[in-house]
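J.: Below are the chains, spelled out letter by letter.
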Amino acid sequence: AQKITQTQPGMFVQEKEAVTLDCTYDTSDQSYGLFWYKQPSSGEMIFLIYQGSYDEQNATEGRYSLNFQKARKSANLVISASQLGDSAMYFCAMRGGFQGAQKLVFGQGTRLTINP
Amino acid sequence: KAGVTQTPRYLIKTRGQQVTLSCSPISGHRSVSWYQQTPGQGLQFLFEYFSETQRNKGNFPGRFSGRQFSNSRSEMNVSTLELGDSALYLCASSMDPSYQETQYFGPGTRLLVL
Numbered sequence: 001a002q003k004i005t006q007t008q009p010g011m012f013v014q015e016k017e018a019v020t021l022d023c024t025y026d027t028s029d030q031s032y033g034l035f036w037y038k039q040p041s042s043g044e045m046i047f048l049i050y051q052g053s054y055d056e057q058n059a060t061e062g063r064y065s066l067n068f069q070k071a072r073k074s075a076n077l078v079i080s081a082s083q084l085g086d087s088a089m090y091f092c093a094m095r096g097g098f099q100g101a102q103k104l105v106f107g108q109g110t111r112l113t114i115n116p
Numbered sequence: 117k118a119g120v121t122q123t124p125r126y127l128i129k130t131r132g133q134q135v136t137l138s139c140s141p142i143s144g145h146r147s148v149s150w151y152q153q154t155p156g157q158g159l160q161f162l163f164e165y166f167s168e169t170q171r172n173k174g175n176f177p178g179r180f181s182g183r184q185f186s187n188s189r190s191e192m193n194v195s196t197l198e199l200g201d202s203a204l205y206l207c208a209s210s211m212d213p214s215y216q217e218t219q220y221f222g223p224g225t226r227l228l229v230l
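Protein chains in written order, with this note's numbering: chain A, 1 to 116; chain B, 117 to 230.
If we strip away everything but chain A, and leave its shape as in the complex, we get:
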């Protein structure tokens, strides 16, 4: 079975600071994908970044980067130079293997609040 753990229910950060959101995962699959989504209060899930299990480089997308440590089964999201608009729920998710690749397994999320 696949499992995602996000240990930070809430985080408060000053605007323009960098922030790291933690994510650890558990799976017996060799092939899997790790994803981060942002969910503002409107409810829509916005895709941020993807990391494949065989990718040797950490993924980056603009201000977002994923700190992938495969041996530790860790996939932390780093947001550089945070902005007020970054305030939202953030979910780490994985999609793995072949039998289970149809679904995303989500963590419980981290509520990020950016203070001016």
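Derived by calculation from the structure, the hints in this document are not laboratory data.
There's no promise every hint is true.
[Said to hold, decoys possible] Straight line, CA to CA, 25 Å or less: simulated SDA-like cross-link-like pairs of lysine to any residue: (1) Lys16/A to Thr60/A; (2) Lys173/B to Gln30/A; (3) Lys129/B to Gly178/B; (4) Lys173/B to Thr136/B; (5) Lys3/A to Glu217/B; (6) Lys173/B to Phe47/A; (7) Lys173/B to Ile46/A; (8) Lys16/A to Asn58/A; (9) Lys117/B to Glu44/A; (10) Lys129/B to Gly158/B; (11) Lys3/A to Thr218/B; (12) Lys173/B to Thr27/A; (13) Lys117/B to Gln30/A; (14) Lys3/A to Gly158/B; (15) Lys3/A to Ser214/B; (16) Lys70/A to Ser28/A; (17) Lys73/A to Asp55/A; (18) Lys3/A to Arg171/B; (19) Lys3/A to Thr154/B; (20) Lys73/A to Gln216/B; (21) Lys3/A to Gln170/B; (22) Lys73/A to Gly158/B; (23) Lys3/A to Tyr220/B; (24) Lys70/A to Ser214/B; (25) Lys73/A to Ser214/B; (26) Lys117/B to Ser143/B; (27) Lys3/A to Gln216/B; (28) Lys73/A to Gln157/B; (29) Lys117/B to Gly174/B; (30) Lys3/A to Gly174/B; (31) Lys117/B to Arg63/A; (32) Lys129/B to Glu44/A; (33) Lys3/A to Glu44/A; (34) Lys173/B to Thr60/A; (35) Lys173/B to Ala1/A; (36) Lys117/B to Tyr64/A; (37) Lys173/B to Gln108/A; (38) Lys70/A to Gln216/B.
Computed from a predicted model, the values in this text were never measured in an experiment.
Since chain A is already given, all that's left is putting chain B on it; use the hints.
T.: This is chain B only, laid out in the frame that chain A set:
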């Protein structure tokens, strides 16, 4: 390219009624997945369709069902609604059900059961 669309956006029903939610995927996407989001249980997978076939189903009662049409549009149906079915229902689409494919989500349908 237009994103995933879901209709209706908001819905109020009473216990015992049934409801049908609709999802139109991104053009060219053939895989559609449905998720239920509640404050208590978080995001839970309902089912996934690919080429009109249900490929995977989550741990939900048979009152929850779905289908996919030849144009990849999908519907989900919940019969005999219960108070606990109140949730945000999210639809997501991807090119195919590979672990490398990103699922893109629609805005969701907020269902309130009274």
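J.: Next step is simple, just say for each hint if it's right about the structure.
T.: Here's how the hints hold up against the structure:
1. For the hint linking Lys16/A to Thr60/A, the alpha-carbon distance of about 18 Å falls within 25 Å, and the restraint holds.
2. At most 25 Å may separate the alpha-carbon atoms for a hinted pair to count; Lys173/B and Gln30/A meet this at roughly 22 Å.
3. About 19 Å separates the Cα atoms of Lys129/B and Gly178/B, which keeps this hinted pair within 25 Å; it holds.
4. For the proposed pair Lys173/B and Thr136/B, the alpha carbon gap of about 18 Å is at most 25 Å, so the pair holds.
5. For the suggested pair Lys3/A and Glu217/B, the alpha carbons sit about 19 Å apart, so the restraint of at most 25 Å is met.
6. The straight-line distance between the Cα atoms of Lys173/B and Phe47/A is roughly 23 Å, inside the 25 Å bound, and the hint therefore holds.
7. At roughly 23 Å between alpha-carbon atoms, Lys173/B and Ile46/A fall within 25 Å of each other, so this suggested pair holds.
8. A hinted pair counts as satisfied when its Cα atoms are at most 25 Å apart, and Lys16/A with Asn58/A qualifies at roughly 22 Å.
9. Simply put, Lys117/B and Glu44/A have alpha-carbon atoms about 17 Å apart, close enough for the 25 Å limit, and the pair holds.
10. Of the pairs offered as hints, the one joining Lys129/B and Gly158/B holds, with about 22 Å between alpha carbons and a cut-off of 25 Å not exceeded.
11. Restraint check for Lys3/A and Thr218/B: the C-alpha separation of about 18 Å stays at or below 25 Å, so the hint holds.
12. Annotation: proposed proximity of Lys173/B to Thr27/A holds, straight-line Cα distance about 19 Å (limit 25 Å).
13. A distance of roughly 33 Å separates the Cα atoms of Lys117/B and Gln30/A; the hinted pair therefore is violated under the 25 Å criterion.
14. A hinted pair counts as satisfied when its Cα atoms are at most 25 Å apart, and Lys3/A with Gly158/B qualifies at roughly 13 Å.
15. The suggested pairing of Lys3/A with Ser214/B holds, with an alpha-carbon distance near 18 Å, which does not exceed 25 Å.
16. Note on Lys70/A and Ser28/A: the hinted pairing holds, with a Cα-Cα distance of about 12 Å set against a maximum of 25 Å.
17. A threshold of 25 Å between alpha carbons decides the hint, and for Lys73/A with Asp55/A the separation of about 14 Å falls inside it, so the pair holds.
18. Between Lys3/A and Arg171/B the CA atoms are separated by roughly 20 Å; this keeps the pair inside 25 Å, and the hint holds.
19. A threshold of 25 Å between alpha carbons decides the hint, and for Lys3/A with Thr154/B the separation of about 18 Å falls inside it, so the pair holds.
20. For the proposed pair Lys73/A and Gln216/B, the alpha carbon gap of about 17 Å is at most 25 Å, so the pair holds.
21. For the suggested pair Lys3/A and Gln170/B, the alpha carbons sit about 23 Å apart, so the restraint of at most 25 Å is met.
22. For the suggested pair Lys73/A and Gly158/B, the alpha carbons sit about 22 Å apart, so the restraint of at most 25 Å is met.
23. Distance hint between Lys3/A and Tyr220/B is fulfilled; the C-alpha atoms sit about 21 Å from each other, no more than 25 Å.
24. For a cut-off of 25 Å, the pair hint linking Lys70/A to Ser214/B stands: about 20 Å separates their Cα positions.
25. Pair hint Lys73/A plus Ser214/B holds up; C-alpha atoms about 20 Å apart against a cutoff of 25 Å.
26. Between Lys117/B and Ser143/B the CA atoms are separated by roughly 7 Å; this keeps the pair inside 25 Å, and the hint holds.
27. Among the hinted pairs, Lys3/A with Gln216/B is consistent with the structure: their alpha-carbon atoms are about 18 Å apart, no more than 25 Å.
28. A distance of roughly 24 Å separates the Cα atoms of Lys73/A and Gln157/B; the hinted pair therefore holds under the 25 Å criterion.
29. Of the pairs offered as hints, the one joining Lys117/B and Gly174/B is violated, with about 30 Å between alpha carbons and a cut-off of 25 Å exceeded.
30. For the suggested pair Lys3/A and Gly174/B, the alpha carbons sit about 15 Å apart, so the restraint of at most 25 Å is met.
31. For the hint pairing Lys117/B with Arg63/A, the CA-to-CA distance comes to about 24 Å; that is within 25 Å, so the pair holds.
32. As the CA atoms of Lys129/B and Glu44/A are separated by approximately 22 Å, the hinted pair is consistent with the 25 Å bound.
33. A threshold of 25 Å between alpha carbons decides the hint, and for Lys3/A with Glu44/A the separation of about 23 Å falls inside it, so the pair holds.
34. A C-alpha spacing of about 32 Å is found between Lys173/B and Thr60/A, which places the hinted pair above 25 Å, so the restraint is violated.
35. This hinted pair checks out: Lys173/B and Ala1/A have alpha carbons roughly 15 Å apart, not beyond 25 Å.
36. Between Lys117/B and Tyr64/A the CA atoms are separated by roughly 23 Å; this keeps the pair inside 25 Å, and the hint holds.
37. Between Lys173/B and Gln108/A, the direct Cα distance comes to roughly 20 Å. Compliance with the 25 Å bound is thereby established for this hinted pair.
38. Restraint check: the Cα-Cα separation between Lys70/A and Gln216/B comes to about 16 Å, which is no more than 25 Å; the hinted pair holds.
Violation of the numbered hints given earlier is confined to hints 13, 29 and 34; the remaining hints are satisfied by the structure.
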